[in-house]
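Number of protein chains: 2
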Amino acid sequence: MRLNHVGIAVESLAVASRFWAEAMGLAGGETELVEGEGIRVRKFPVPGGPAIELMEEAAGEGGVIAKFLAKRGPGVHHLSFEVDDLDRTIARFRALGYRTTSEQPRAGAGGARVTFLHPKDAHGVLVELLERPRESP
Amino acid sequence: MRLNHVGIAVESLAVASRFWAEAMGLAGGETELVEGEGIRVRKFPVPGGPAIELMEEAAGEGGVIAKFLAKRGPGVHHLSFEVDDLDRTIARFRALGYRTTSEQPRAGAGGARVTFLHPKDAHGVLVELLERPRESP
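Just so you know, the sequences run in chain order P and W.
In terms of numbering that gives the first Met the number 0, the first sequence opens at residue 0 and continues consecutively.
In terms of numbering that gives the first Met the number 0, the second sequence opens at residue 0 and continues consecutively.
Calculated directly from the structure, the hints in this document are not laboratory data.
Some clues are possibly wrong.
[Stated by the list, open to error] In silico lysine to aspartate or glutamate, DMTMM-like type, Cα no more than 20 Å apart, as pairs:
hint : chain 1 : residue 1 : chain 2 : residue 2
1    : P       : LYS119    : W       : GLU10
2    : P       : LYS42     : P       : GLU60
3    : P       : LYS119    : W       : GLU21
[Claimed, not checked] Here are some chain P residues the structure puts well away from chain W; computed CB gaps all over 12 Å:
hint : residue
4    : PRO46
5    : GLY59
6    : PRO104
7    : GLY109
[What the hints assert, rightly or not] Stretches of chain W that chain P covers, calculated by requiring three or more beta carbons in the stretch to come under 8 Å of a beta carbon on chain P:
hint : segment
8    : 0-10
9    : 72-86
No residue lacks a Cβ here, since even glycine has one placed at the ideal position from N, Cα and C.
Okay, chain P solo, but in the shape it has when bound:
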């Protein structure tokens, strides 16, 4: 289980990108609309480590990022850990008494399958478990 990316909620991808690109010196990827989540994301890969993923609201006032910003303001939203087998990992967490925020995994950015542990169970951290899409043969 290794850290894949740090998800950060921002008011504006364009404005926040300036900090991560110009000041932190990271090269940003393309902006991607994640339809199922109603968000736009832009990844800044960090050489030899997890990426920074900026997340902007795309679904309007009731959306997940809009609600986060209204409650907490911009900042770190989740930590995403990559696992080999998401279904097996979820089963293991549930057997230990941990809850996920949805019954089934969902479609994340880049074609990944993702699920979130309940932040109360992780002491205030929203932990995403992510399984990368299988490479096409």
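With chain P held as given, fit chain W onto it using these hints.
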């Protein structure tokens, strides 16, 4: 510039350690008192990536973690990026108009020198810049 660790503010190192050790499967290091900051920290190295650093209040009600917990509750506190030359990096950020939260770098965990960028300038993220201690000859 690469991610060295993710700092997480917790109510109790002992309780939160159970999640990161038993559920996430990480091996925790020794608990360290960082006197200058008034905090106790415990690092959980993640193979091939940045560590998870749990931080607990050690200085009492007015301490930095106590204030963070009172305001935001437990959760991600900062992202720590490792740099080769902290003084040069600070000079570069200041030249770009970014503010640090203290005039001079401070002593962090493990003998590192650290400074923080002002979270407003980083769109809600508390970014730590960290220079590892030089190896003894």
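Does W:GLU21 sit within 20 Å of P:LYS119, going by the straight-line distance between their CA atoms? Holds - the C-alpha atoms of W:GLU21 and P:LYS119 are around 16 Å apart, at most 20 Å.
Against chain W, does P:PRO46 keep a CB gap of more than 12 Å to every residue? Contrary to the label, P:PRO46 does not stay out of reach of chain W, its closest Cβ about 6 Å off (not over 12 Å).
Do three or more residues of the segment 72-86 of chain W come closer than 8 Å to chain P, measuring C-beta to C-beta? With 6 residues in contact (Cβ-Cβ under 8 Å with chain P), the coverage given for the segment 72-86 of chain W holds.
Mind checking the alpha carbons of P:LYS42 and P:GLU60 for me, to see if they're no more than 20 Å apart? Not satisfied, since the Cα-Cα distance of roughly 23 Å exceeds 20 Å.
Quick check for students: does the CB of P:GLY59 sit more than 12 Å from each CB in chain W? At about 21 Å from chain W, P:GLY59 clears the 12 Å cut-off, so the statement holds.
For the pair supplied as a hint, P:LYS119 and W:GLU10, is the alpha-carbon distance within the 20 Å limit? Within the cut-off at roughly 12 Å; holds.
Can we confirm that no CB of chain W comes within 12 Å of the CB of P:GLY109? holds (18 Å)
Does the claim that P:PRO104 lies outside the interface with chain W hold up, using a Cβ gap greater than 12 Å? Non-interface label stands for P:PRO104: nearest chain W Cβ at 18 Å, farther than 12 Å.
Apply the coverage criterion to the segment 0-10 of chain W and chain P: a residue qualifies when its Cβ sits closer than 8 Å to a Cβ of the chain, and three qualifying residues are needed. Answer holds; 8 residues pass the 8 Å Cβ test.
In summary, the structure is inconsistent with hints 2, 4 from the numbered list given earlier, while agreeing with the others.
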